[in-house]
Amino acid sequence: MPSSALADGLKCQNGLDGSCQELTEVVGDNVLLAQAPTFALVSKYTGECLTYAAIRGYAWMEPCNGNLSQTWEQLPGGQMMAYDSRCLVYTNESYLDGIPCDQAYPWFFLGDTISLIDPQSNLCLNAKIDEPGYFVADCNGQPSSRWDRIFQ
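Here this note's numbering is used: the first residue of the sequence shown is 1, the next is one more, and so on.
These are calculated hints, taken from the structure and not from any lab test. Take the hints with a grain of salt, since some may be wrong.
Using C-beta positions, here's what the derived DEER-type ranges look like [unchecked claim]: (1) ARG56 - TYR105: 20 to 26 Å; (2) LEU68 - ASN140: 31 to 37 Å; (3) ASN67 - ALA137: 23 to 29 Å; (4) PHE39 - GLY133: 29 to 35 Å; (5) PRO132 - ALA36: 27 to 33 Å; (6) PRO100 - GLN142: 28 to 34 Å; (7) ASN67 - GLN142: 15 to 21 Å; (8) THR38 - PRO63: 25 to 31 Å.
Using N, Cα and C, we set each Cβ at its ideal position, and we do this for glycine too.
Sequences are here, hints too, so could you generate the full structure?
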């Protein structure tokens, strides 16, 4: 996203709505905004959290425990950033992998009940009920594709 200069010399990041949001920190290629809220992603279907570990480089589902590995931030461009400043992408192997955020696409949250939609494939993230994990499938409004953002 393009940035521009403010009158007092500070830089700003153009938000999704075109507004100018003050930058507070740049980590690698990622821009962090002032007081950007972090949250856990909790499946409404299973009650489990989407979890990510830098050492593994991919996400999985497990019981919510409040650990840093279950902390997410949505960047102004819509990318889902994990605690290690890497962003989630869906791969053809049915994994959510962490990659540099400047190479990641946005995820969209729709309505009060959130469906994570990958705009590259128009698929939604779903939690499995009979075993740990998730899958990506057509967006059909099923309970398995509904998520809560629990802000921290």
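Structure-based check of all given hints:
1. ARG56 - TYR105: 20 to 26 Å: 21 Å, holds
2. LEU68 - ASN140: 31 to 37 Å: Hint holds: Cβ distance 33 Å, inside 31 to 37 Å.
3. ASN67 - ALA137: 23 to 29 Å: The hint (23 to 29 Å, Cβ to Cβ) holds, given that ASN67 and ALA137 are roughly 27 Å apart.
4. PHE39 - GLY133: 29 to 35 Å: 21 Å, violated
5. PRO132 - ALA36: 27 to 33 Å: Holds, since PRO132 and ALA36 (Cβ atoms, about 29 Å apart) stay within the stated range.
6. PRO100 - GLN142: 28 to 34 Å: Taking Cβ atoms as reference, PRO100 and GLN142 lie about 32 Å apart, which means the hint holds.
7. ASN67 - GLN142: 15 to 21 Å: 28 Å, violated
8. THR38 - PRO63: 25 to 31 Å: Roughly 19 Å apart at Cβ, these two residues miss the hinted range, so it is violated.
Checked against the numbered hints given earlier, this structure breaks hints 4, 7, 8; the rest are met.
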